[in-house]
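Mind the numbering: the sequence shown is residues 1 to 670 in the UniProt record's numbering, read in order.
Hints listed in this document are in silico derivations from the structure and should not be mistaken for laboratory results.
Just so it is clear, CB atoms sit at the ideal spot from N, CA and C, and this is done for glycine as well.
Hints may be right or wrong, so weigh each one.
Label-pair restraints from in silico Cβ distances [claimed, not checked]:
| hint | residue 1 | residue 2 | range |
| --- | --- | --- | --- |
| 1 | C305 | P29 | 37 to 43 angstroms |
| 2 | V492 | V333 | 40 to 46 angstroms |
| 3 | A126 | H268 | 34 to 40 angstroms |
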Amino acid sequence: MWAFYIPAISCVVLAVLFTLRRYADPKTPIIVRLVAIISWVTSLSIVALVPLDVWTTLAAQKNPAIGILWSICYWSTQVLTWFLIPFFQGYFDAGNFSKLGKSQTSLRNSLTHWAVIGVLGGIGLAFLLITGRLTISSIPNVAIQLSNTYGLIVISLLLSYGLVEIPRFVWKTSEPEVRLRYCCHRIGRAAEKLEDAAFELIRVATVVEATSQPMPKRDPLRSYMDKIYQQASDMSPIKPSQCPKDEQGRVDLDDLTDKDLDYGCDLHGLASLRQRLQRATDNYKGLNAEYVNQVMDGFELEAVCKARRTGDYHIQTAPTSKPQAQLATALMVYRAVLRPWVRKLLALLLASLSAVVVWSEATIGSGRHPDLSPFSLAVHAGHLGEVGTQLLVMIPLAYMCAANYYSIFKLGMFSFYLLVPHATQPASLLLNASLVCRFITPLCYNFLHVIRMHVPEADGQATVFSQKMGAAMQEVPVLNQEFNSWFPLVTVVVCLIVLLNAWDYAARFVVSARYRFDEDSAVDEFSERGRLLLRHEQDGKARGVPLGDCLGLWGSVEAPVSLTAARARASGGGKLLGINKSSRSETRPSMPPSQSSALNRSLAGPVPASGVASATTEGITEAATTVARRADSGSDRIDDDTDDGGLLGSQPDSLFGNAGSNASWLPRRR
Numbered sequence: 001m002w003a004f005y006i007p008a009i010s011c012v013v014l015a016v017l018f019t020l021r022r023y024a025d026p027k028t029p030i031i032v033r034l035v036a037i038i039s040w041v042t043s044l045s046i047v048a049l050v051p052l053d054v055w056t057t058l059a060a061q062k063n064p065a066i067g068i069l070w071s072i073c074y075w076s077t078q079v080l081t082w083f084l085i086p087f088f089q090g091y092f093d094a095g096n097f098s099k100l101g102k103s104q105t106s107l108r109n110s111l112t113h114w115a116v117i118g119v120l121g122g123i124g125l126a127f128l129l130i131t132g133r134l135t136i137s138s139i140p141n142v143a144i145q146l147s148n149t150y151g152l153i154v155i156s157l158l159l160s161y162g163l164v165e166i167p168r169f170v171w172k173t174s175e176p177e178v179r180l181r182y183c184c185h186r187i188g189r190a191a192e193k194l195e196d197a198a199f200e201l202i203r204v205a206t207v208v209e210a211t212s213q214p215m216p217k218r219d220p221l222r223s224y225m226d227k228i229y230q231q232a233s234d235m236s237p238i239k240p241s242q243c244p245k246d247e248q249g250r251v252d253l254d255d256l257t258d259k260d261l262d263y264g265c266d267l268h269g270l271a272s273l274r275q276r277l278q279r280a281t282d283n284y285k286g287l288n289a290e291y292v293n294q295v296m297d298g299f300e301l302e303a304v305c306k307a308r309r310t311g312d313y314h315i316q317t318a319p320t321s322k323p324q325a326q327l328a329t330a331l332m333v334y335r336a337v338l339r340p341w342v343r344k345l346l347a348l349l350l351a352s353l354s355a356v357v358v359w360s361e362a363t364i365g366s367g368r369h370p371d372l373s374p375f376s377l378a379v380h381a382g383h384l385g386e387v388g389t390q391l392l393v394m395i396p397l398a399y400m401c402a403a404n405y406y407s408i409f410k411l412g413m414f415s416f417y418l419l420v421p422h423a424t425q426p427a428s429l430l431l432n433a434s435l436v437c438r439f440i441t442p443l444c445y446n447f448l449h450v451i452r453m454h455v456p457e458a459d460g461q462a463t464v465f466s467q468k469m470g471a472a473m474q475e476v477p478v479l480n481q482e483f484n485s486w487f488p489l490v491t492v493v494v495c496l497i498v499l500l501n502a503w504d505y506a507a508r509f510v511v512s513a514r515y516r517f518d519e520d521s522a523v524d525e526f527s528e529r530g531r532l533l534l535r536h537e538q539d540g541k542a543r544g545v546p547l548g549d550c551l552g553l554w555g556s557v558e559a560p561v562s563l564t565a566a567r568a569r570a571s572g573g574g575k576l577l578g579i580n581k582s583s584r585s586e587t588r589p590s591m592p593p594s595q596s597s598a599l600n601r602s603l604a605g606p607v608p609a610s611g612v613a614s615a616t617t618e619g620i621t622e623a624a625t626t627v628a629r630r631a632d633s634g635s636d637r638i639d640d641d642t643d644d645g646g647l648l649g650s651q652p653d654s655l656f657g658n659a660g661s662n663a664s665w666l667p668r669r670r
């Protein structure tokens, strides 16, 4: 009976450790890693427990250990979701200066959240008790069913999106050229988010310096201010001492608001400033790592596309040893020739599996008579033996989990949280663990409906999990077993909406085209800028410049232009980069030349002489003529057929400021 469960749970543990190693920031606290491991292992172990529960039910075997495992998994996920993970999220997000202060802040936020839920839930329970539709003894079952119902509603939406998007995305990105287009889009979007994060980091560093300067040394808050100042100097790429200042060494307050200057009034204000500093630093680090990862992917895809065009699969920078060179060549042949066909075949298999899942969800209401679910028919046939039956149960369940969590991971692209390889911060890691814990139980219960194991068999047996959940549901009015039978029909409707791109058609009427990416179009604003950035990152890499320096986030090395000149350059170059000029109205801090020079030397190191381009008079004239011509024609994009000898090809540094005059490309606020 345990021959399948033990290897399966071992694979789950290994997968969790691999995921944590891949995504967690190296400086992530041990307690955060431990909570994430426990959350993921506890949740995903249910994927291995469901097949065991199904097999023992079909074989009419009773094992008390299964009930114990179900209780441990279920209640552990509930405690982690509603209590432990929110506490640690609030603890590591708080800016207090002591562990006790962080704990109090986290508990206060959690209690506020629970108070709102308690008031709303209390009103509903009071109504049901007064009307006689509920008894006091059934209140715990009501809580369980409400939690399960909420999860069922959410997973129906997430699952529907994943079942359609996974095979469609695999099919559309089977060709390296299409994947490169997607990658360029992500590079452009990541660059924009990184610039906004850099602007916030500069502003926060300026606020720290502005708060620290007027505070006397004998002030009771001085020691706390020193901690913030030291933290900003150690963790932030931009130091408070390098912020914009006037001739007398005082911080330029013109770019700050009244709210930015109110942090030094009391200890609570300093805690808020420290929290803002932590968030800005973590956000910048994550977005910078995301941008670098996308650029690295772009390098690889461009190499594959070049090999497909030329037919030369030998790596120019291949290892010296012959076996390694042969392996690199074979890998390039696979990526350029074989992988597109493998991905297309995989997309067809996934599409077929998605269709079967949707059909099984739509026919839950029919039950076993007639049984219209292919998964249910295969499981109840009983011809595969113990291991075969458990494997048959696990494969579709694992795919449904993958579809559900694919949708959850996609939320990270919209900044609900950010998951970046080797740079995911504690808050994002804990939020992901919370979402995994939150939706695994309703998903597994929904799967038992798919294979028709949610009701007792003819001999009176039912799965252990069905017995535990079913007993709670029968006592709840409206939200009983019938609700779990007919609500999955929503999955069919949402799948059709996603399949037909109805959301995109609706978004055209309410959302600006700037925030939509037409997957069937060759160019959009972000993909166009991403191609330019990828080209310049390649040039910078050849000169030994670190990835990301082409954005020029921290100004130039020798003499950055003034704030007014930088703003004028940003608004003038907006059309070349495909950026909306009207979105750059907010003022940006600037740095004196000496401070910016020292900052860039500390960040990027010495710049090779070959990496500094000289802008000629002819180039400047050509640039001005091109900008004027595009302004007259109303074009906001670079033509696809721009050759390497044109404006962008002859002056790669002109994208980020005139290198000859040592101009700066300051972050642009949107």
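Given a hint of 40 to 46 angstroms, does the C-beta separation of V492 and V333 actually sit inside it? Holds: the Cβ-Cβ distance is about 42 angstroms, inside 40 to 46 angstroms.
Cβ separation of C305 and P29, checked against the hinted range 37 to 43 angstroms: At 42 angstroms between Cβs, range holds.
A126 and H268, beta-carbon distance inside 34 to 40 angstroms? holds, 36 angstroms
When held up to the earlier numbered hints, the structure conflicts with none and fits them all.
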